[in-house]
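> Position chains Z and E relative to chain A; hints supplied.
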Amino acid sequence: MALYVVDLFGVAVFAISGALTAGRKRMDLFGVLVVAVITAIGGGTVRDLLLDRRPIFWIEDPTYLLVSVLAAAATLAYARFLRPPRYSLLVADAFGLAVFTFIGATTAYEAGVPAPIVVLMGTITGVAGGMMRDVLCSEVPLVLRREVYATAAIAGATVYVLLTNAGVDGAIVALLTISTVFLLRLTALRLDLHIPSPGPKDVENSTSHDERL
Amino acid sequence: MALYVVDLFGVAVFAISGALTAGRKRMDLFGVLVVAVITAIGGGTVRDLLLDRRPIFWIEDPTYLLVSVLAAAATLAYARFLRPPRYSLLVADAFGLAVFTFIGATTAYEAGVPAPIVVLMGTITGVAGGMMRDVLCSEVPLVLRREVYATAAIAGATVYVLLTNAGVDGAIVALLTISTVFLLRLTALRLDLHIPSPGPKDVENSTSHDERL
Amino acid sequence: MALYVVDLFGVAVFAISGALTAGRKRMDLFGVLVVAVITAIGGGTVRDLLLDRRPIFWIEDPTYLLVSVLAAAATLAYARFLRPPRYSLLVADAFGLAVFTFIGATTAYEAGVPAPIVVLMGTITGVAGGMMRDVLCSEVPLVLRREVYATAAIAGATVYVLLTNAGVDGAIVALLTISTVFLLRLTALRLDLHIPSPGPKDVENSTSHDERL
Numbered sequence: 001m002a003l004y005v006v007d008l009f010g011v012a013v014f015a016i017s018g019a020l021t022a023g024r025k026r027m028d029l030f031g032v033l034v035v036a037v038i039t040a041i042g043g044g045t046v047r048d049l050l051l052d053r054r055p056i057f058w059i060e061d062p063t064y065l066l067v068s069v070l071a072a073a074a075t076l077a078y079a080r081f082l083r084p085p086r087y088s089l090l091v092a093d094a095f096g097l098a099v100f101t102f103i104g105a106t107t108a109y110e111a112g113v114p115a116p117i118v119v120l121m122g123t124i125t126g127v128a129g130g131m132m133r134d135v136l137c138s139e140v141p142l143v144l145r146r147e148v149y150a151t152a153a154i155a156g157a158t159v160y161v162l163l164t165n166a167g168v169d170g171a172i173v174a175l176l177t178i179s180t181v182f183l184l185r186l187t188a189l190r191l192d193l194h195i196p197s198p199g200p201k202d203v204e205n206s207t208s209h210d211e212r213l
Numbered sequence: 001m002a003l004y005v006v007d008l009f010g011v012a013v014f015a016i017s018g019a020l021t022a023g024r025k026r027m028d029l030f031g032v033l034v035v036a037v038i039t040a041i042g043g044g045t046v047r048d049l050l051l052d053r054r055p056i057f058w059i060e061d062p063t064y065l066l067v068s069v070l071a072a073a074a075t076l077a078y079a080r081f082l083r084p085p086r087y088s089l090l091v092a093d094a095f096g097l098a099v100f101t102f103i104g105a106t107t108a109y110e111a112g113v114p115a116p117i118v119v120l121m122g123t124i125t126g127v128a129g130g131m132m133r134d135v136l137c138s139e140v141p142l143v144l145r146r147e148v149y150a151t152a153a154i155a156g157a158t159v160y161v162l163l164t165n166a167g168v169d170g171a172i173v174a175l176l177t178i179s180t181v182f183l184l185r186l187t188a189l190r191l192d193l194h195i196p197s198p199g200p201k202d203v204e205n206s207t208s209h210d211e212r213l
Numbered sequence: 001m002a003l004y005v006v007d008l009f010g011v012a013v014f015a016i017s018g019a020l021t022a023g024r025k026r027m028d029l030f031g032v033l034v035v036a037v038i039t040a041i042g043g044g045t046v047r048d049l050l051l052d053r054r055p056i057f058w059i060e061d062p063t064y065l066l067v068s069v070l071a072a073a074a075t076l077a078y079a080r081f082l083r084p085p086r087y088s089l090l091v092a093d094a095f096g097l098a099v100f101t102f103i104g105a106t107t108a109y110e111a112g113v114p115a116p117i118v119v120l121m122g123t124i125t126g127v128a129g130g131m132m133r134d135v136l137c138s139e140v141p142l143v144l145r146r147e148v149y150a151t152a153a154i155a156g157a158t159v160y161v162l163l164t165n166a167g168v169d170g171a172i173v174a175l176l177t178i179s180t181v182f183l184l185r186l187t188a189l190r191l192d193l194h195i196p197s198p199g200p201k202d203v204e205n206s207t208s209h210d211e212r213l
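Chains as they are written, first to last, in UniProt numbering: chain A, 1 to 213; chain Z, 1 to 213; chain E, 1 to 213.
Looking at chain A on its own, in the form it has when it is part of the complex:
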């Protein structure tokens, strides 16, 4: 139950990220909503398709669609009057990544696939939505360019597999997996934001952080 709530929170955060990115691309209102929904549910959809887990999670429970549409609509309304709070959004995005990675790894583990596939499915669930967002916005996906984004997901999913195979209690596994992704990603953000840029590559990275979610 608690997991369901944080999962919906992750969906809302990713929908906001999609709406903000698409909002800079001269799309019409509906286009922004489409990109927001795809960002929010894309990763889990690819995971369910690859694992042949039916029905797809948002077909089984349309609450996910509802939450992503509402989050995107609220974002558009908010952005019309106020500047989005960038750093708060990056923190929320890191939390969404952490939750999605845990849920993806759990789903794959319960499907009985080999350990490397569990890690991969956790990663895909965390990052594929953001990749689709950027492909639809005709950009090289940010999650492939940002330091320690998918890397954080891989690390967390690996923690999940190791602890689960060691027989650790489920609640502790959840806590440690989510913490690993979240703290790694936050640390990377902190370093990017505060260490002076040594060269053109880092300059570009921190610019991205300012301009994009």
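Any given hint might turn out to be false.
[As the list claims (entries may be wrong)] The calculated DSSO-like cross-link candidates involving lysine-lysine, where the alpha carbons are at most 30 Å apart (straight line), are: (1) E:K25 - A:K25; (2) A:K25 - Z:K25; (3) Z:K25 - E:K25.
Simulated from the structure, these hints should not be mistaken for lab results.
Small disclaimer: the values here were computed from a predicted structure and weren't measured.
Below, chains Z and E alone, put in the same frame as chain A:
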């Protein structure tokens, strides 16, 4: 039977749209055919994958592939000598969108999914092919930028759900669903084409209409 | 068994191609690995999804993932010190295309689908990974622009269908299918590389050959 014929007509129209868009992108002959086929059958393929409806419609009935390849080849031959009739193509495209939306909604309804998913599947069937076309041509998808494109599909699919749940006769549902999408889209085209552009955004929109299908 | 080895060789070659393309796009280390893996296994994944062949080949046998990650890592290490041998890579890529086309056509044939679908699945298995690579790198897919790339796959898959339906022995079918794709693609490369460019289009093509893969 009549529905099968208009469905094939929709496939042909979308293949033409794909061939014309790809033809401006320095692709070789085969590349243009690939984009045309993906534009024509992409929406229905995503729908069938998400609903786990097997076999995929064009694997079950290769006529769809044949029609899309023939339409793309005829388009390439025609475009070598004559200018494509832009406005007629936009009208045909609106009709294709209407038919695909109806067929997608019907397929989802028969699969027994909740009403919001029926609306979404109608929309996906109508617009996903065009989104793939533009992603392959490395552009921000036109269907996300054009006013009242996917919006028309959503409206039509909603009409479908409301009428079907109210027990209205199937032929009337088909007629009203298709008319809703088609007329909404045509109205949007008319307004875009005839109302003076008030600002840079509308200028860009009408330019798109001139340059693209 | 021999086929399994050449299949893994094809996976490695495509992973190298993905790593080299992504390496020019300011991605971080992980981003390059993601693109390399998608390039290597993307075509077969789409094939298995469309044919509903479960589990997906790399979920059933994670060796494919391992080989693609190792090939990408080795490429990154090598490219740090030495220039990649372009022509050798193009030849290896042509061989990978040939093997993937044969395996895709075989998989589809064994699934009992109609002949045009067998040809299409061979082609998809050969070219979809490269298309995803270029979409993720925000470019119009090279496989759609290069002369006689997908065309070679189509020709080979057609040879496969004709010979198999004629009752020819499996080993001979494999040899002739793979040879058809490989030799057609090599011939096209030779002509591109050695015939003087008659116009801007050919100039662009040969530039692509120098700069990519």
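> Does each hint hold? Answer for all of them.
These are the hints, each one checked on the structure:
Using a Cα cut-off of 30 Å, the hinted pair E:K25 and A:K25 holds, with the two alpha carbons roughly 21 Å apart. Under the criterion of a C-alpha separation no larger than 30 Å, the hint pairing A:K25 with Z:K25 is consistent with the structure, at around 21 Å. About 21 Å separates the Cα atoms of Z:K25 and E:K25, which keeps this hinted pair within 30 Å; it holds.
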